[in-house]
Amino acid sequence: MPFIPHTSDDVRAMLAAIGAPTIEALFAEIPPALRVADLPALPDALNERQIARLMAERAAADPQWRCFLGAGVYEHHIPAAVWEIAGRGEFYSAYTPYQPEASQGTLQVLYEYQSMMAGLTGMAVSNASLYDGGSALAEALLMAVRANRKSKSKRILVSRTLHPYYRRAAHAIIHNQGLELVELAYDLTGGHTPEAALAPYAGQDFAALVIAQPNFFGVLEEVDALTDWAHRQNALAVAVVNPTALAILSPPGTWGVTGADIVCGDGQPLGAPLSSGGPYFGFLCCRQELVRQMPGRLVGRTVDLDGKPGFTLTLQAREQHIRRSKATSNICTNQGLMVTAATLYLALIGPQGLEQVAATCHANTRSLVEQITQIPGVSRAFDRPVFHETVLKLPRPAQAVLEGLLERGILGGFDLSSDYPELGQAMLVCATETKDEMDLCHYAKTLATVI
Amino acid sequence: MLIFDRSRPGRQAVIPAIAPEFALSDIPESLRRKKPAPLPEVSELQAVRHYTRLSQQNFSIDTHFYPLGSCTMKYNPRVCHQLASLPGFLARHPLAPVRGSQGFLACLYELQAMLQEITGMAAVSLTPMAGAQGEFAGVAMIRAYHVAQGDLTRREILIPDAAHGTNPATAIMCGFTVREIPTDQNGDVDLAALRQAVGPHTAGLMLTNPSTLGVFERHIAEIAEIVHTAGGLLYYDGANLNAILGKTRPGDMGFDVMHLNLHKTFATPHGGGGPGAGPVAANARLAPFLPVPIVGQTGGGYRWLTEADRPQSIGRLSAFMGNAGVLLRAYVYARMLGRTGMGRVADYATLNANYLQAELANAGFDPAFPQRLASHEFIITLKRQAKTLGVTAMDFAKRLLDLGFHAPTTYFPMLVPECLLIEPTETECKEELDAFVAALRQIQQEAETGPEQVKGAPYHRPVRRLDEVRAARDMDLAWRPAAS
Ligand SMILES: Cc1ncc(COP(=O)(O)O)c(C=O)c1O
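Those protein sequences? They're chains A and B, same order as listed. Per the working numbering: the first sequence ends with 451, consecutive numbering throughout. Per the working numbering: the second sequence ends with 1484, consecutive numbering throughout.
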């Protein structure tokens, strides 16, 4: 029997100890009318060799394209040691560290993770993770509404330059509590959110302004001005950032005069493979004053009975297992193992490594754009600087262009026509540090052929 | 020692790329980072050694018996990990076109179908990323259903007092108010109180069965009748599905919508706190409201069903499609159990729990519900020991750590004083259970002869009991570089 150790002698002895005639007798409290005899729609069991073969076939059925698609999920080199260590059974098969004396390993990793994220974002506090970037934004907005004492509003200003999937997920979650997203227009020349777009809302009550850096188009926003505008209006500034980019871009904690209030995003670039959609992890950081409004787990450093330093879950009075209906969120299980991988990733590549990765991504994207825009009819949609992704205008519908690239083994980008019809024939392209000059040339040549 | 304490300026481990000098010349200075991020600078060996040693300070299923009630800490088969980590799955971008994703989508489609059969529901969405997000999906669906009926007065969710904390927290996140329903002394829902509580304001009831008290709710058919007659809907918290796998199905019990914890019942790892997966399943009435995307099958193959196909959907709960890697692990596990393997899980999980309960009763411990059969888990109460010896459930739990066992769940559910909620799971052998009984016997003896010994435990772990008050007061939540 797979994964079940009982011998028939064991079963006999155990039933005798219980005083039950059969295992079946142990289910006597389930009303007979509710019992099922069989699950006929389930397939017969496969053994390890059979399932290995099936899965190998399934995995091989899907072609491996050369990936120039980002749109919120980015291909990065993951140092070999990251998953060698994160995959150790002691991390992989442990539960949430409720018994700190038996979980110091996980707890210290989480504390180090919180420290690294706080340092990267320039904020005082990071929690121990949320599910993903989209749901982290939802939690950040619920938190902003709770935390903003100067506002009575449940309305939140969000630029159309924020990832459309983040806006979609945030809406699906927060509208249940009456929160409303109010969409800001962007500048069609720069691809950013100018202060002019905010002007119509000056003097109105909003709980928060969401600022994405870089935004969905890869474009860098004028984060200082936006942060200060929010604060002048008594709205909190909620940043949505790419953690890799923070190695070269100003951390939200330093934006404007007093810095952003809440920072969130997806941690996937820090050690998680593309992996078909997940697991990744959401991160959430904030200023010290807001910590009691934070959702999710927090690890603190303290001392034990002998005065020896140690780590434990703390401020649990915010959480569902203590506060139940008064908790800051319903989150319980988070994305712990992904955070372990992220901690290893950041430790292994260090500050210089992360800066080099970010700068190489940026340089590769610049180089790619230079080459592609030589092709007649292909041009940059926006004139402002980007991080590692950019919008290109095309002489043909993006869908046809991307199909042509696919036929030649290239996952060429993101078709913007359904989320941003106003951009016409346009696609979003990304080149990370995983691409060499040769790959960039190859992309440019292939694109020229396709067009 | 923290990784930061091992850091030396200029030391490097892995540098995946070197950028050209001019790389950042087009980014205005005002948008640039001024000081490098305060990340550690260590060698690869230092990092590997540091985190390997940290891992060794953990208890885990791979190293210890971990009878954490309500958490189903069963063995996480290595084969599931290996096969979900095949490059074809890991290198796939979530937005890759479906025509190059048929292998991946086939696994998810079949997983949906298997979960449908196991739960007795009409349709499944795999997107929720943990149990609590599955609860959110289900309760948001209940809300969407009432709104679609034009019934805007149903603002209240009923929740038994024994419920897990995520249940009331979820109801609030979905914009409802919560009313608690008491439990009777046999561990069943108090039916009289339920009858009094329901009405035109009732949106639904959230229930776990077997309950968090470790016993099967025998009046489930009546409960469903009461709630449905009042116009409410029934939510099933699937955290305890291991107890009834292949024996009875929430859909047949009268539940309208539910989640499953794949990181419990379907053997995917907990990873020190996640990632999990909390697929949500619904009957025909609520199926139109399931979150998207869902995998559908049409003549030519599999594809994603989106808002366009399912206009009544509550939408998307994350940016992409959920914790794919966890779903693949569960798929492998489910295929290896197959048609006859599901019921076997419940059989041996229940055998182990009842055996352990009998042996502990035999050793002088007090089951909280001695008149009931245990499900896949059970509660012992140490009220007597706390009163007569001054040794609490927490003391027993801490001393167990010294003896090489992870503690059971302590002080949950809150209804039972000084409780240990014990869930051995089907993957533990009899010898392990016997050793656990012996350890608790030893602690009982220690508590009688030298209670101080137990109250000071643990002694043999990397740290002793931690000062939680200081942790909350001083709030040392992050290391910071010395002021420079
Ligand atoms: C009874 C019960 N319900 C719900 C949950 C929440 O599940 P998750 O931690 O996956 O969000 C848990 C697990 O912690 C549980 O034990």
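Don't take every hint at face value.
DMTMM-like, lysine to aspartate or glutamate: derived pairs with alpha carbons at most 20 Å apart [as the list claims (entries may be wrong)]:
no.	chain 1	residue 1	chain 2	residue 2
1	B	K1383	B	D1184
2	A	K326	B	D1474
3	B	K1455	A	D304
4	A	K308	B	D1184
5	A	K326	B	D1184
6	B	K1383	B	D1474
7	A	K152	A	D187
8	B	K1387	B	D1402
9	B	K1035	A	E195
10	B	K1387	B	E1446
11	A	K308	B	E1446
12	B	K1247	A	D44
13	B	K1455	A	D44
14	B	K1455	B	E1468
15	A	K308	B	D1476
16	A	K150	A	D187
17	B	K1034	A	D224
18	A	K150	A	D304
Covered stretches of chain A (in silico footprint by chain B; criterion: 3 or more residues with CB under 8 Å from a CB of chain B, positions within the stretch not fixed) [said to hold, decoys possible]:
no.	segment
19	34-43
20	146-160
Read the hints as simulated data drawn from the structure, not as lab findings. C-beta: ideal position from N, C-alpha, C; glycine also.
Here's how the hints hold up against the structure:
no. : hint              : verdict
1   : K1383/B x D1184/B : holds, 19 Å
2   : K326/A x D1474/B  : violated, 24 Å
3   : K1455/B x D304/A  : holds, 14 Å
4   : K308/A x D1184/B  : violated, 45 Å
5   : K326/A x D1184/B  : violated, 25 Å
6   : K1383/B x D1474/B : violated, 33 Å
7   : K152/A x D187/A   : violated, 30 Å
8   : K1387/B x D1402/B : violated, 23 Å
9   : K1035/B x E195/A  : violated, 27 Å
10  : K1387/B x E1446/B : holds, 16 Å
11  : K308/A x E1446/B  : violated, 26 Å
12  : K1247/B x D44/A   : holds, 17 Å
13  : K1455/B x D44/A   : violated, 51 Å
14  : K1455/B x E1468/B : holds, 16 Å
15  : K308/A x D1476/B  : holds, 15 Å
16  : K150/A x D187/A   : violated, 30 Å
17  : K1034/B x D224/A  : holds, 14 Å
18  : K150/A x D304/A   : violated, 40 Å
19  : 34-43             : holds (count 9)
20  : 146-160           : violated (count 0)
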